[in-house]
Amino acid sequence: MNRIDQTFARLREGDSRALIAYLTAGDPHPDRTAELALALERGGADILELGVPFSDPMADGPVIQKASERALRAGTTLEKVIEIIREIRRSSELPVVVFSYLNPVLRYGFEAFAAKIAEAGADGALLTDLNIEAAEEYLEAMRARDLATVFLGAQTSTDERLRQVAQASTGFLYLVSTAGVTGMRETISDAAIPLLERARKATDLPLAIGFGLSRREHIEAVAPYAEGAIVGSAIMRVVEQYGESPELGAKLEELARELKSGLKVPQPATGGVA
Amino acid sequence: MHVIENATLPDSLGRFGPYGGRYVPEILVAPLEQIEQVYFEARQDPAFQAELEELNRQYAGRPTPLYHCKRLSEHLGGAQIYLKREDLLHTGAHKINHCLGQALLVKRMGKKRIIAETGAGQHGVASATVAALFGFECTVYMGEEDMRRQELNVFRMRLLGARVEAVKTGSRTLKDAVTQAMREWTANFETTHYLLGSALGPHPFPVMVRDFQSVIGTEARAQFGEREGGLPDVLFACVGGGSNSLGLFHPFLDAESVRMVGVEAGGRGDALGEHAARFSGEGGAPGVLHGTRSYVLQDEAGQIALTHSVSAGLDYASVGPEHAYLRDQGRVEYTACQDADALAAVRTLARYEGIIPALESAHAVAEAIRRAPSAPGQRFLVNLSGRGDKDIGIFRENMPDLD
Chain A
1 MNRIDQTFAR
11 LREGDSRALI
21 AYLTAGDPHP
31 DRTAELALAL
41 ERGGADILEL
51 GVPFSDPMAD
61 GPVIQKASER
71 ALRAGTTLEK
81 VIEIIREIRR
91 SSELPVVVFS
101 YLNPVLRYGF
111 EAFAAKIAEA
121 GADGALLTDL
131 NIEAAEEYLE
141 AMRARDLATV
151 FLGAQTSTDE
161 RLRQVAQAST
171 GFLYLVSTAG
181 VTGMRETISD
191 AAIPLLERAR
201 KATDLPLAIG
211 FGLSRREHIE
221 AVAPYAEGAI
231 VGSAIMRVVE
241 QYGESPELGA
251 KLEELARELK
261 SGLKVPQPAT
271 GGVA
Chain B
1001 MHVIENATLP
1011 DSLGRFGPYG
1021 GRYVPEILVA
1031 PLEQIEQVYF
1041 EARQDPAFQA
1051 ELEELNRQYA
1061 GRPTPLYHCK
1071 RLSEHLGGAQ
1081 IYLKREDLLH
1091 TGAHKINHCL
1101 GQALLVKRMG
1111 KKRIIAETGA
1121 GQHGVASATV
1131 AALFGFECTV
1141 YMGEEDMRRQ
1151 ELNVFRMRLL
1161 GARVEAVKTG
1171 SRTLKDAVTQ
1181 AMREWTANFE
1191 TTHYLLGSAL
1201 GPHPFPVMVR
1211 DFQSVIGTEA
1221 RAQFGEREGG
1231 LPDVLFACVG
1241 GGSNSLGLFH
1251 PFLDAESVRM
1261 VGVEAGGRGD
1271 ALGEHAARFS
1281 GEGGAPGVLH
1291 GTRSYVLQDE
1301 AGQIALTHSV
1311 SAGLDYASVG
1321 PEHAYLRDQG
1331 RVEYTACQDA
1341 DALAAVRTLA
1351 RYEGIIPALE
1361 SAHAVAEAIR
1371 RAPSAPGQRF
1381 LVNLSGRGDK
1391 DIGIFRENMP
1401 DLD
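Going line by line, the protein sequences match chains A and B. Under this note's numbering, think of the first position of the first sequence as 1, with each following residue one higher. Under this note's numbering, think of the first position of the second sequence as 1001, with each following residue one higher.
No wet-lab data here; the hints were simulated from the structure. This structure is a prediction, so every number in the text was calculated from the model and none was measured. Hints may be right or wrong, so weigh each one.
Claimed, not checked - With a straight-line cut-off of 30 Å between C-alpha atoms, the simulated DSS-like cross-links for lysine-lysine are:
(1) A:251 <-> A:201
(2) B:1168 <-> A:80
(3) A:251 <-> A:264
(4) A:116 <-> A:201
(5) B:1112 <-> B:1168
(6) A:66 <-> B:1168
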């Protein structure tokens, strides 16, 4: 059982859901990412999504676009991201999911990617623009090393499609709460909870929901329906604001603590995660 | 030379061999499937074809002439050069061909709004035009740098009732405009069609745009046979995303004797960042950008490279996936033409034939001019995909001797 499964199993025993924190690797600098990840962990993050910056982030809103630009300017490559995972692993058992657009991974090679992230201590990956139809070679490389393959489900996905996406997924299923790109929104989308309810019928995997969740009240609203909530832009906004400031770590820890407090709810009475 | 079984491509997943396919945020899978279904139904529907043909004739100005450049051919003293005059179409370029086709699909889908990206502004103008014709709302995304160098087209789009949104990320050119249009579409797919402007992007755009553009080659083949007899020896077309070139090439693919040359933007030089030559320049390798697998200009780490071309319409880091397939098959030869040679070809064509080509099309003209003297007895057919009115500002900057 890898660290992701262990984390969901542990949380199932207690009274809280997983806080899945997204961090763009290399912003403000690759040397600082591991330290920021550990700050998020201290604040209560249960799983880290470590973003590989990409020049053309098609699914991301302005906050993560700018974070990616800063990270690329600071010289962040997939190779550096792998070093960062190694550095996190030296002092922490925090599950790490590598979050990337396809092209940098394609360039690196699926085999080399799976081998190197596994060796560095990552637990899985999600490739934003790799759909299940084209994933065979990737799945083989990842499965051979017991790495989780997380895929996305969306409000436009039919029930059948959600089943297919869940079948290709291990670790958890990532549900996109809203139409549009990543980024902070005032309220959570009306589509979020119906999607979680449909996904619950489609799979026994833990469900995590992301896109547009930035505040404690958003998280409280979805927590009864999911095993995890994913927060990205709100975190990267703090990184943007505090940049090189020595306070940055403390601010991230504080944000994680605030968000995690919205996830302390009893497990749902309904649901396939028994 | 071999015939390739191209009529059956792409396959059911939208792949041309290892290229093409669909690599998109999951939320766009269903909207793309909808377009695919509506398009494949329409393609079989005689009423749809008849409506498109009527628009092509009465609105766009088809068929376009096939013109024999007698003075230019005599001047070059080798091959005879013919032009397929897509520059004479309404809006001034071939882009109207796939805009009319897609607009009819938008109507079938019951949507009322379109968004589009544009580089040189030709696709943006054609999109704004069909939006006015069909009563759609229209927003066009355009890189800030391209808005500067194609300011006349920006004004034309606004005059036609479209909103033009400046894209201020990355290189502020076509690549960034496509990225931004895709992002907007993930939010508005329920009401809005993304009228993608080239034979690229996720399935079914490459096949759909190619099919709508194939009217170029189908007409040209028939016109050439009737008027000149037989087939041309070599076809030339510029390749940005690849819509005008596939439009000319595709109906000739089964004609073994016909050679085809795709001309990319060679920009200022060979180094990565100085050109937009995905096949023939430094840094081009198979990759995934904007929802399709094709050749992509990229660095060692898989980051998409910046590109340069004097021509905004060719200034793009990737290329339509069918071109990648045709390149690997060896069916089409790809080469690049530098900025200076394209500008020189503009002058030559203007002086010898009284035709001012778009900078994009001038790349194809330049390659034909270069090869003609050593090809006596051959017949070259060049796709003149657009007219140069939009480029007058750039011509003036680069031809100070005329001012």
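Checked hints:
no.: 1; hint: A:251 <-> A:201; verdict: 38 Å, violated
no.: 2; hint: B:1168 <-> A:80; verdict: 28 Å, holds
no.: 3; hint: A:251 <-> A:264; verdict: 21 Å, holds
no.: 4; hint: A:116 <-> A:201; verdict: 35 Å, violated
no.: 5; hint: B:1112 <-> B:1168; verdict: 27 Å, holds
no.: 6; hint: A:66 <-> B:1168; verdict: 12 Å, holds
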